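Protein chains in written order, with the numbering used here: chain P, 1 to 336; chain C, 1001 to 1288.
Possibly wrong hints are sitting among the right ones.
Stated by the list, open to error - Below are the DSS-like pairs computed for lysine-lysine, each with C-alpha atoms no more than 27 Å apart in a straight line:
id	chain 1	residue 1	chain 2	residue 2
1	P	Lys250	P	Lys69
2	P	Lys98	C	Lys1005
3	P	Lys79	C	Lys1005
4	P	Lys58	C	Lys1005
5	C	Lys1074	P	Lys250
6	C	Lys1005	P	Lys69
7	C	Lys1074	C	Lys1105
To be clear, the hints were calculated from the coordinates, so they are not data collected in a lab.
Keep in mind the model is a prediction, meaning the values are calculated, not measured.
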Amino acid sequence: MRYVKLPSENLPEFFNRLKKLGKVYAPVQRGSTYSFEQVEYIDDVALHYTRTVLPPKKFFVRPRDPMFKLRGSRWEEVKDGEPSVIFGIHACDIHGLKILDRVYLGEPPDPYYKARREKAFIVGISCMPDEYCFCKSLGTDFAMDGFDLFLHELPDGWLVRVGSVRGHEVVWENEGLFEEVTDEDIRHFREFEDRRAKAFKRSLNREGLADILDLAFHSPVWKKYAEICLGCGNCNVVCPTCRCYEVCDKWINAYEAVRERRYDSCFMESHGLVAGGHNFRPTRLDRFRHRYYCKSYFGTEGFNCVGCGRCDEFCPARIEHVKVLDDVRGVSYEPV
Amino acid sequence: MNPFKSHDVRILEVRELTPREKLFTLRFLDPEVEENFTFRPGQFVIVDVRGFGEFPISICSPPTRKPLQLCIRKAGRMTRFIHGMTEGDVVGIRGPYGNGFPVEKMEGSNLILVAGGLGMAPLRSILWYAIDTGRFEKTYLFYGTKSYEDILFKDEILYLLKHGEKLNCHVKLAYEVETPSCIYLERGFSEKVCRGVVTDLFRGEEFDVHNTYALICGPPIMYRFVIRELLNRGLSPGRIYMTLERRMRCGVGKCGHCIVGTSTSIKYVCRDGPVFNYWDALSTRGLI
Ligand SMILES: Cc1cc2nc3c(=O)[nH]c(=O)nc-3n(C[C@H](O)[C@H](O)[C@H](O)COP(=O)(O)OP(=O)(O)OC[C@H]3O[C@@H](n4cnc5c(N)ncnc54)[C@H](O)[C@@H]3O)c2cc1C
Ligand code: SF4
Ligand code: SF4
Ligand code: FES
Chain P
1 MRYVKLPSEN
11 LPEFFNRLKK
21 LGKVYAPVQR
31 GSTYSFEQVE
41 YIDDVALHYT
51 RTVLPPKKFF
61 VRPRDPMFKL
71 RGSRWEEVKD
81 GEPSVIFGIH
91 ACDIHGLKIL
101 DRVYLGEPPD
111 PYYKARREKA
121 FIVGISCMPD
131 EYCFCKSLGT
141 DFAMDGFDLF
151 LHELPDGWLV
161 RVGSVRGHEV
171 VWENEGLFEE
181 VTDEDIRHFR
191 EFEDRRAKAF
201 KRSLNREGLA
211 DILDLAFHSP
221 VWKKYAEICL
231 GCGNCNVVCP
241 TCRCYEVCDK
251 WINAYEAVRE
261 RRYDSCFMES
271 HGLVAGGHNF
281 RPTRLDRFRH
291 RYYCKSYFGT
301 EGFNCVGCGR
311 CDEFCPARIE
321 HVKVLDDVRG
331 VSYEPV
Chain C
1001 MNPFKSHDVR
1011 ILEVRELTPR
1021 EKLFTLRFLD
1031 PEVEENFTFR
1041 PGQFVIVDVR
1051 GFGEFPISIC
1061 SPPTRKPLQL
1071 CIRKAGRMTR
1081 FIHGMTEGDV
1091 VGIRGPYGNG
1101 FPVEKMEGSN
1111 LILVAGGLGM
1121 APLRSILWYA
1131 IDTGRFEKTY
1141 LFYGTKSYED
1151 ILFKDEILYL
1161 LKHGEKLNCH
1171 VKLAYEVETP
1181 SCIYLERGFS
1191 EKVCRGVVTD
1201 LFRGEEFDVH
1211 NTYALICGPP
1221 IMYRFVIREL
1231 LNRGLSPGRI
1241 YMTLERRMRC
1251 GVGKCGHCIV
1261 GTSTSIKYVC
1271 RDGPVFNYWD
1281 ALSTRGLI
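Throw the hints in and build the complete structure from the sequences for me.
This is the structure:
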């Protein structure tokens, strides 16, 4: 890794120069929540935000995403992928993007996702956990790759980790804004990381969890929570790794149609419904359990949760992800 | 290359198999695609009815014969629309998708094809593949239908009932609802046709379980009974294959609809299947 320092007074200028790379999106405050929006001035950026409602997946897997336009009787591809800068992504969300990369860039690569991803410049930023975060126990509290630059807060500026050739080029082109890292900066960086590590209030015990969960398929705990769950699908929409989509052809006028994909949720009854009215997950219980199994998959593709805490914060039924898993673990020790 | 973009195909023929199912014979407009389109039995394609949507359909013709054929049941909005189309109309197709049956591994063995209802469609591909290539020991087809009227590919089934032995192919049929046509058929082929369910067709059949593969396709409830029958006869879970259905949108492991399994094993039916063996089912919850 290459490290440089960005002094506080140079941050606004650095931010301005990022605009040369494309539209800049950053977290801004919206009432009591945060959201990634296009931003012109660094003062509008919520540098100390906790989490946005929608994760940065929204830039790459869009809530509504036209794929084709029907011209005459032929599909025309909808091209896009404007260059963009996503400024201020937390480590957990970078891990979320890496999980999406595995899916969407895996064979055959999704051309829409790929175009957007390749044209995006990712700037990470350090954060302090709140009561919902449990990324540390999943190893997603720190990102070693998946970004171009990562800014770590120091008392008088930012320790910048350079994570890619593009990141290196940007630092190079703006050499005047950066300084060498001093021993004191390193000490401050370490202090911040120590303080942060101690600030986590929640953790997920992953020890043997894969088998414990599997054995607890008939655990009454699923039922207990499924009864409180409203089936609203909020937890899916806000999750940085949830990616189910539905596709639909929509007529704009008598001559033109678009094929559009949009977020789908495994909490919707239609998610597993096939011809003849047969449903592979007919009850709320089936769907609730499925989400936990999908998030807690331990195979070669890895864990599908990065511990961002969004599903907890935005669940109207106040269901807590870690608590459900802990509960299931507790029960599965006693045969049910 | 956009993997979601379909190729144009012209409908060469539409044949009504039953009041609910039609057989569509298709040719790719691009001669190069037509020439190079290859697949293995058990794979499926996604049919694209522009402006109406896409749906997955198993390929029901064998790779040994052109042109491509799909058997489509009228089940809802999009399939109703394509049922209204005729010769000369153009739709789209992308694929082939999925893993298909492990034909190389099964060469030289006996094949038992167990079909229930529409499950005959994907199994027809391997049935004719087996007959055309002669690469298998003996092929059995056990086919269970509701009534005589519901038999898919009736002419082919009647032909094989009559002449199957010459082709090393042994066909048996079970029907549930008695009609005059069934009684007539049963009279003609008393050894091969009976009233009952598909598992009744196993009665009196002997096969070397160490040299046999079973391939099952049918409605979800059929699997349990057929598998029990096969296991009782000593067939190993690794020799029992089945093709499964799930809601599918993308066909290539992106949209997440077809995901099944739990924390120890997650499978995408579109990409890891739709053909699975019984061991997969034992180790992946929710597969069947
Ligand atoms: C691998 C695979 C192979 C198949 N092979 C065949 C075949 O050879 N012949 C055949 O007739 N049918 C086959 N099907 C089923 C076929 O895809 C559905 O009948 C079709 O999608 C229904 O579309 P529709 O618009 O007419 O129905 P809709 O109006 O959309 O809905 C009717 C019903 O179909 C369900 N459905 C919608 N989309 C799908 C989907 N993508 N997959 C499954 N069910 C869906 C709906 O939930 C609803 O219950 C196959 C399905 C799969 C997954
Ligand atoms: S499951 Fe919850 S905590 Fe985990 S990544 Fe998704 S939203 Fe975040
Ligand atoms: S957000 Fe909460 S209430 Fe809504 S579906 Fe998810 S768990 Fe259920
Ligand atoms: S059909 Fe989309 S993931 Fe399988």
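Here is what the structure says about each hint:
1. Distance check on the hinted pair: P/Lys250 and P/Lys69 sit about 10 Å apart at the alpha-carbon level, within 27 Å; holds.
2. At roughly 26 Å between alpha-carbon atoms, P/Lys98 and C/Lys1005 fall within 27 Å of each other, so this suggested pair holds.
3. About 13 Å separates the Cα atoms of P/Lys79 and C/Lys1005, which keeps this hinted pair within 27 Å; it holds.
4. Restraint check for P/Lys58 and C/Lys1005: satisfied, since their Cα atoms lie roughly 23 Å apart, inside the 27 Å limit.
5. Straight-line distance between C-alpha atoms of C/Lys1074 and P/Lys250 comes to about 22 Å, which keeps the hinted pair within the 27 Å bound.
6. Our distance criterion of 27 Å between C-alpha atoms is met by C/Lys1005 and P/Lys69, whose separation comes to about 11 Å.
7. Taking the CA atoms of C/Lys1074 and C/Lys1105, the gap is near 35 Å; set against the 27 Å cutoff, the hint is violated.
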